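Visitor: Here the protein sequences line up with chains H and P, keeping their order. The working numbering puts the first residue of the first sequence at 1, with every later residue one more than the last. The working numbering puts the first residue of the second sequence at 1001, with every later residue one more than the last.
No lab work stands behind these hints: they were computed from the structure. Computed from a predicted model, the values in this text were never measured in an experiment. A few of these clues could be false.
Claimed, not checked - The list that follows gives simulated cross-link-like pairs (lysine to any residue, SDA-like), each with its CA atoms no further than 20 Å apart:
1. P:K1235 <-> P:D1193
2. H:K191 <-> P:E1127
3. P:K1104 <-> H:T190
4. P:K1104 <-> H:F189
5. H:K87 <-> H:F149
Claimed, not checked - To be clear about the criterion: a stretch of chain P counts as covered by chain H if any three or more of its residues have a C-beta under 8 Å from a C-beta of chain H, and this derived list gives those stretches:
6. 1035 to 1045
7. 1084 to 1094
What the hints assert, rightly or not - A few chain P positions that, by computed beta-carbon distances, are all more than 12 Å from chain H:
8. K1011
9. R1077
10. K1101
11. G1107
12. V1178
13. D1193
Glycine is no exception: its CB is placed at the ideal position from the N, C-alpha and C atoms.
One letter stands for each residue in the lines below.
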Amino acid sequence: MEPLGDKARVFNSRNTRLMREKIMGGQVHKQLLYPLITIAVVFGVWQLAANHYNSEFMMPSPCKTMVTFASVVHDPEVIKNLLITLKRVLTGFFYALLIGVPLGFLMGYSKTAMRLFDPLIDSLRQIPIMAWVPLTIVWFGLGDGPTIFLITFSGVFPIIINTVAGVQNISRDYYNAARSMGGGSWSIFTKIIVPASLPDILIGSRVAVGLGWMSVI
Amino acid sequence: MELKVESISKKFKNDSSFQTVLKDLDFTVREGQFVTLLGPSGCGKTTLLTIIAGFQAASGGRVLINGCQVTRPGPDRGFVFQNYALFPWMTVRDNILYPMKQRKVPGKEREKRLEELLGMAQLEGKEKLFPHQLSGGMKQRVAFIRALAGKPEVLLMDEPLGAVDMQMRQSLQDDLEVLWLKDKTTVVMVTHDVDEAIYLSDRVIVMSAQEGKIVEDLPVRLPRPRDRKGMEYHKHKERLAEALRIAMGKRPESPEAKRQLCLA
Ligand SMILES: Nc1ncnc2c1ncn2[C@@H]1O[C@H](COP(=O)(O)OP(=O)(O)OP(=O)(O)O)[C@@H](O)[C@H]1O
Ligand SMILES: [Mg+2]
């Protein structure tokens, strides 16, 4: 139990209130303003660097890059590839949710499930993702299979870990309150465990999608 | 309704030694009584209340409700938590409907009871808010009517006003009394505030720091709402303060108290 809790903190900002506000909208103007400032600063530094090198090859200027980018985006071939990648990431992410969330609920709720699965998950996690590539090609052939597998594989751990943390962080009082109001197991699952751990599941999902994009190459 | 606590004991295992928190506690609460458990911090009030609620098992003895032994939490015993434990992901409305849905109260009746409870607690128009949008006092009232919504036989409250500052506390005690007078459910409340105990209860049970032994069982028969400045009120207060001193294991000040200590 303990080691997993520690790992959870790596992924988990624990700032669920902030997370909720972010997901549910909130102050849209401020949310737009700050990223814009960041982008402006990045472009400024980029332009300065381009001026310094004064070489197209080593450091193309941001304007030039944008123009090229625009023409590339219009290319139907590029759009098609982009859509394929998007589809792979979403499919992989979907499988990661399908495996990770139920497993996370189980491990967060039952100590026995935790003892059973934690060592397995812990050892699988340690394997570098690239080490899976040859094996997955053998398993799934050369199509979408290996990529989707890798996206699922990299995404499933943050989902499991955050779901477990979410379930374990539910106060005993909520269970006791529900049971003293006549709540049965199903009602406790759907009305307490699921909504109480949802912010953590969303945090895990966000990390999973991020990792998914990184493992498509 | 009758709540019977029969020679309840509770031991906790700490490292290698056992700590006896409660030993052979006995008392009976009658229908409609407002009983307060008073005692110094750590004397086992919460432990006793959660055993009655069925949140944890006793090491010995039993709790009976209408002659049926308590083994786990159930809708016959409502519970008001010190931190309210309102479900933050549900609106006020859904929080209050929860116990009624669990008890399969039909839709129409549910809505009627909801209206009634909201009116009773002066929370009309607040049903769409989430708990974090409520003031402390409003949360307390929601917690109270939520616990009543499923029509429990007895309402258990663990320092329901413990999280509130002194000034607010007295006005919330008034609210609580008004609410209770409308419903007259049997109540067992925990507090360590002498004034609160006398202001609200029909009966005050004082528990000692030693094994939770009952050092005083004082009926309070003053008319409601009680006058905090009245003579009788003051006498009750002194008597409880004295009992509390004994409960904490300090030297008693009056001969009357010494006699009680010998009995205890
Ligand atoms: N789960 C537990 N494990 C071990 N000891 C416990 C446990 N719960 C309570 N205790 C011990 O039992 C004693 C009584 O605790 P309890 O919470 O019932 O006190 P209390 O009367 O409610 O105090 P307070 O007024 O401060 O809330 C304390 O000494 C506490 O350390
Ligand atoms: Mg307590």
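Visitor: Each of the hints needs a verdict: does it hold here or not?
Guide: Cross-check of the supplied hints:
Restraint check: the Cα-Cα separation between P:K1235 and P:D1193 comes to about 16 Å, which is no more than 20 Å; the hinted pair holds. Of the supplied pair hints, the one linking H:K191 and P:E1127 holds, its CA atoms being roughly 18 Å apart against a limit of 20 Å. With a CA separation close to 17 Å, the supplied pair P:K1104 and H:T190 stays within the 20 Å bound. Between P:K1104 and H:F189, the direct Cα distance comes to roughly 18 Å. Compliance with the 20 Å bound is thereby established for this hinted pair.
The straight-line distance between the Cα atoms of H:K87 and H:F149 is roughly 13 Å, inside the 20 Å bound, and the hint therefore holds. Proximity of the segment 1035 to 1045 of chain P to chain H, defined as three or more residues with a beta carbon under 8 Å from a beta carbon of that chain, is not established by the 0 residues found. Counting residues of the segment 1084 to 1094 of chain P whose beta carbon lies closer than 8 Å to any beta carbon of chain H gives 4, which meets the minimum of three for the stated coverage. For P:K1011, the condition that its CB be more than 12 Å from all CB atoms of chain H holds, with the nearest at approximately 20 Å.
Its closest Cβ contact with chain H, about 6 Å, brings P:R1077 to no more than 12 Å, contrary to its assignment away from the interface. Not every CB of chain H is more than 12 Å from the CB of P:K1101 (nearest about 8 Å), against its label as outside the interface. No Cβ of chain H approaches the Cβ of P:G1107 within 12 Å, the least distance being about 17 Å, so the stated non-interface status holds. Listed as a non-interface residue, P:V1178 keeps its Cβ farther than 12 Å from every Cβ of chain H; the least gap is roughly 23 Å.
With a minimum CB-CB distance of about 22 Å to chain H, P:D1193 clears the 12 Å threshold, and the non-interface call stands.
Violated hints, listed in ascending order, are 6, 9 and 10; each of the other numbered hints is respected by the structure.
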